[in-house]
Structures are given as structure tokens and as C-alpha cells.
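Novice: Chain residues, written in single-letter form:
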Amino acid sequence: MGGLLYKDFVSVRGKRFVCFLCIFTLIFILIRVMFPGDRFLDDFMTIAEDGSRINLIDIILDMFAWIFIFMNMLFINRWTMEICGSDENNKLRSFFAAMPYEKHTYIASKYVFILIAVYVFFSLSQIWIISCGAFMSEGKARDILMAVNAMTLPFYSLTIFISAIELFLFLVLGKGRAMMIKVGFLLLLALCVIYIFLFKDYSAMLDKIDIFSIVQWMEKNSFFLTLLQVLSPVITLLCYWGAYRLCCICCAGKERDYD
Amino acid sequence: MTEDKKSELKRLIIYLAFSFGLAWIMFLVFIPEGKTWDELGQLKQSFIALGMLAPVIAHVITRLITKEGFAMTGEGSMMLGISFKNRKWIFYFLAILLPWIYTELGNAVKILLCPEIYDPKYYISLDIEKRLLLLLPIAGMVSGVIGSFAAFGEEGGWRGYMMPKLTKLFEGKPTGKLWAFIFGGVIWGLWHAPLTCIGHNFGTEYPGFPYLGILKMCIFCTLMGIILTFVTEKSGSVWPAAIMHAVNNTNPSILNGYIDYEKVSGLKGMLLPFAGRMIVMVLIIGILALVTGRKHNTGVKEKSHTM
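From first to last, the protein sequence lines stand for chains A and B.
Anchor point for the first sequence: position 34 equals 34 in the numbering used here, and the numbering is continuous, going up by one each time.
Residues are numbered in the numbering used here as their position in the second sequence, beginning at 1, plus a constant of 259.
Hint data in this document are derived by calculation from the structure and do not stem from the laboratory.
Heads up, a few of these hints could be off.
Below, a list of computed lysine-lysine pairs in the DSS-like style, where the Cα atoms sit at most 27 Å apart [claimed, not checked]: (1) B:427 - A:220; (2) B:427 - B:493; (3) B:347 - A:103.
In silico negatives: residues of chain B with every beta carbon more than 12 Å from chain A [said to hold, decoys possible]: (4) 374; (5) 407; (6) 522.
Glycine residues also receive a C-beta, built at the ideal position from the N, C-alpha and C atoms.
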């Protein structure tokens with residue numbers, strides 16, 4: 001298993017990526033420490049719609065944390081495709097079938113690799129959010145960050161859920177067909193968005209979305225949020241395991257048993 | 260001292276220098292002068308807690324300097340591999356569940372020792388809903404497992420590097436393992452000293468502050484270290500220890516919402532928050548010692564029968 005995981009790590013250019021992430025995280029922490037929100041109050045303050053004062057540095061760095069978390073989802077999505085695609089391109093799967101691995105080891109290695117990647121990205125997101133929040137001025141920017149923090153776990157749970165489906169498709173159907181289904185689904189999603197923009201009153205929908213009211217709602221419903229935080233990873237991991245078992249059943253013919 | 264032990268000692272000193280240096284620099288730079296742990300606020304506390312990553316960073320740096328390599332599994336490795344074979348999954352299960360058991364039992368012991376601390380409405384003053392209180396241990400276990408990176412930062416260093424080195428250094432003596440645990444616990448406890456001095460873990464309002472706090476931390480770390488080393492050695496991985504440490508740090512207990520320590524003061528007030536968990540931990544260590552001792556004896560007997 002270790003060897004297969006390392007192969008996947010190499011195929012996604014892991015070493016370079018880890019160096020990049022570490023440097024990026026260090027730079028972010030350094031910027032945050034050098035420009036704390038509570039030190040540059042007068043020069044960087046802006047007034048929100050409701051008249052409250054917001055620190056711009058905090059908002060910018062808040063956005064960086066958001067973007068980082070969203071980028072992680074894209075990276076995991078890309079890696080799911082890369083680790084399966086590179087094996088298929090290099091015809092490695094039939095090679096591994098000839099190796100004395102235990103049954104399902106190959107499939108398990110893919111699922112474990114993505115799980116490790118999600119764990120690493122989640123941990124890094126936590127470091128980003130903690131560093132960002134520690135030097136933040138009190139006020140709405142901090143409330144937004146806390147809202148981001150509360151949603152991180154459900155967000156990564158969603159990432160795992162999507163990966164479970166993608167890995168299943170890539171391993172069972174192969175890269176070509178899986179990509180076709182994925183692109184088809186994304187096109188359908190894009191068409192739905194276009195339909196809303198063209199034929200629905202989206203401005204009225206957008207008016208209803210107010211980040212501060214969401215923050216207030218989150219403060220009121222702490223029990224529900226805690227329940228969501230507790231259950232979302234548990235349910236998602238069960239689904240992930242289910243997808244792995246289903247994948248093993250569907251790929252039974254492609255694997256050899258050396259037990 | 261043999262050459263082998265001398266080189267192990269050198270490696271350990273390098274590791275400790277980096278582990279203490281990196282963490283203490285972070286603690287000293289980012290903790291504002293004159294502020295206590297509670298005055299820092301939750302976000303600043305979390306940032307300072309990132310100093311927990313120092314031991315694992317020190318581990319990596321030490322391996323780079325000493326050229327010990329970065330093997331993931333096996334003897335002399337970083338012990339990062341995960342295996343559930345040969346019933347090793349039990350230690351992962353234990354790592355998740357045990358902190359809840361000893362924290363809850365510890366709280367029950369505290370109430371038995373000092374019934375006046377029990378307040379059935381205390382959770383209201385903490386601004387926690389009753390149904391949320393019931394969810395807290397499970398939330399602690401889930402968040403402990405998923406957010407175990409900070410605890411991994413410590414365990415990757417203490418259990419992944421320091422304890423194997425100490426065990427080797429004290430090898431060959433009848434009480435060698437015990438000395439390794441004591442030294443390991445004291446080192447680990449002293450590492451927390453800057454935080455203990457600003458009131459982390461035990462606060463600032465106790466007699467003998469901060470020296471008795473540091474001593475208490477050393478005792479706690481020794482006991483905790485024994486359990487963590489046990490799960491690390493049995494599973495061959497630092498991950499169960501990291502998970503256990505993380506779940507332990509969330510303090511998972513329903514009874515926390517029913518205990519008001521402010522109702523006791525003086526020496527009783529100082530010892531009580533600490534006593535319950537310690538008593539239960541000593542009991543757990545006793546059970547572990549009995550179980551492992553019995554297994555060892557059975558193994559010896561079986562060997563003598565086959566000879």
C-alpha cells in the first residue's frame with residue numbers, strides 16, 4: 001500500500017506541491033503577523049451598509065482564506081482525475097494486477113490517498129483560519145471568519161463525498177467515460193445557472209442572501225450547527241467507505257486474488 | 260555508556276533543543292507581556308497552540324541533521340504508517356473512546372470526593388443548551404479525530420522520536436522503562452512551562468503558582484505519556500497517540516456542565532480539578548500493566564513449556 005501511495009504522490013508532483021503549500025502558508029502567516037487588523041485601524045477602515053466599521057485588511061485576508069479553502073477542493077478534484085488517469089495512460093493497472101498485492105489494495109490506495117489529501121488540506125485550512133483570526137480586529141470580519149470556520153468541516157465533507165463518486169466513476173468506467181459523465185453533469189449545472197440568469201429574477205434571490213443574517217442565524221442555531229459538524233464527517237466517511245466497497249464489487253473482475 | 264547510547268543521547272539533545280527552542284520562541288514572541296491565558300481570547304489561544312507543531316518539526320530537522328532517514332514504518336522509523344491488521348484497530352478505537360471514559364469517570368470521582376462542586380444548573384451559566392451538552396463528548400471525539408493535526412505535531416515528536424530514544428538510553432536496566440517514562444514525562448511537562456506560567460491548564464489562582472502548576476503538569480504528562488506510549492508501541496504508529504491526545508484536549512465530558520470549581524477554594528480547589536482524572540489514569544495504567552504483565556508471563560511460560 002505504501003508504495004502505491006507514494007506512486008500517486010509522485011504522479012501529482014507531491015513534493016513540489018508540499019513545498020509550495022508550506023511556503024505559501026508561511027508567507028500568509030507572516031503577512032498576517034506583520035499587518036494585524038487591530039494595529040492599522042484608522043488607515044484601513046471602511047463603513048459597511050449598516051454603518052458599522054470594518055477593517056479592510058481583515059476582509060482581504062478573510063477572502064484569501066476563503067479562496068484557499070475553495071482552491072483545495074479544486075486540487076482534490078484534479079488529483080482524483082490525475083491519480084486514476086496517469087495509471088490508465090501508462091497502462092499501470094494491468095501491471096499492478098500482475099503484482100502480488102492483496103485483493104482491493106489498488107482501489108484502497110486511491111481512496112486512502114484522497115482521504116490523506118483532504119486531511120492535509122483541512123489541517124492547513126485550520127492553520128490559515130487560526131492565523132487569520134488571531135490578529136483580527138473585533139467586529140464583523142471576525143464574525144465572518146467564524147462562520148467560515150464553522151462551515152469548513154461540512155465543506156470538506158462535501159469534497160470527500162464528491163471524490164467518492166468521482167473515484168468510483170474513474171475506477172469502474174475508466175477515464176474517458178468518467179470524464180464524459182463529469183463534463184455532462186457540469187454542463188447541466190451551467191445550463192441551470194444560465195437558465196436562472198436569463199429567465200428568473202436572480203437579483204431578488206441575491207437580495208435575500210445577506211452574509212450578516214447568515215452569521216446571526218448561525219449564532220442562534222448553535223445546536224443544529226454542532227450536530228451538522230458532528231454528523232457531516234461521520235455520514236460522509238460512511239458514504240466514502242460504501243463507495244469504496246461498491247467499487248471493489250464492480251471491479252472484482254479486474255483484480256487478481258493473491259491471498 | 261556504549262558508543263551507540265552516546266550517539267542516541269546526542270540525537271536526543273539535538274531534538275530537544277529544536278523542540279524547546281521553536282516552541283518557546285513562539286510562546287515568548289506571541290504571548291503579550293503580563294497577559295494570562297484566559298485574557299488572550301480564544302483565537303489568540305488557538306494561534307499559540309500552533310506551537311504544538313514544534314516537536315514534529317524538530318523531529319524532521321533532527322533527522323535531517325543526524326541523517327537518520329525518513330522511514331515511515333519499522334524500527335527507528337517516524338512511525339507514521341497506519342495498520343489495522345493483527346487487531347491493531349483496537350488501539351485506534353481505544354484512542355478515540357478512552358479519553359471520554361477517563362474524563363467522565365474523573366469528573367464522577369471529583370463529585371464523589373467533593374459533592375459541593377456539583378451544580379445541576381451550572382451549564383446555564385456557561386451559556387450552553389442542555390441538548391448541546393449531551394452532544395459535546397461526541398463532538399469532541401469527532402473533532403479530535405479530524406482536527407488531530409496539532410496533537411500530531413506533539414505526538415510525532417514526543418512519541419515518534421523522544422520516547423524511542425529514551426527507551427534505548429535506559430535499555431538493559433530492570434527499571435529502565437520506568438525511568439524512560441519519568442524522564443519523558445518531566446521533559447514534556449517542562450516543555451509546557453511557559454504556558455503553565457500564564458495560567459494554561461490550571462489557571463493562576465492557586466497556591467504555589469506557577470511552580471506547583473509545572474510540577475502538576477509534569478505528573479500529568481508522565482501518566483498521560485505512559486498511556487500514549489503504550490498505544491504507540493502496540494500499534495506501531497504515532498497516530499493513535501495523536502488522536503488520543505487530540506480527543507483528550509477537547510475535554511470530552513457531559514459532567515463538565517455540572518461542575519463548578521469556584522465552590523471550592525484553597526488547597527482543595529487547587530488539587531480537585533486535577534485529582535479525578537489522575538486517579539482514573541493511574542487505574543488505567545494499573546490495568547494496562549496487569550494486562551501486559553500477564554501476557555508477558557504467559558509468553559514466558561509457553562516458551563519454557565516448549566523448551
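Novice: A cut-off of 12 Å on Cβ-Cβ distance, and residue 407 of chain B was said to be off the interface with chain A. Does that hold?
Specialist: 8 Å, violated
Novice: Against chain A, does residue 374 of chain B hold up as non-interface, every C-beta pair farther apart than 12 Å?
Specialist: At about 30 Å from chain A, residue 374 of chain B clears the 12 Å cut-off, so the statement holds.
Novice: Measuring Cβ to Cβ, find out whether residue 522 of chain B lies farther than 12 Å from everything in chain A.
Specialist: 27 Å, holds
Novice: Does residue 427 of chain B pair with residue 220 of chain A here, judged by a C-alpha cut-off of 27 Å?
Specialist: Not OK: residue 427 of chain B and residue 220 of chain A at ~54 Å, beyond 27 Å, violated.
Novice: Residue 347 of chain B and residue 103 of chain A were given as a pair; does the straight-line alpha-carbon distance stay at or below 27 Å?
Specialist: Between residue 347 of chain B and residue 103 of chain A the Cα gap is close to 20 Å, so the pair holds against 27 Å.
Novice: CA of residue 427 of chain B to CA of residue 493 of chain B, is that 27 Å or under?
Specialist: Roughly 17 Å between the alpha carbons, so the hint for residue 427 of chain B and residue 493 of chain B holds.
Of the numbered hints given earlier, the model fails hints 1, 5; all others are met.
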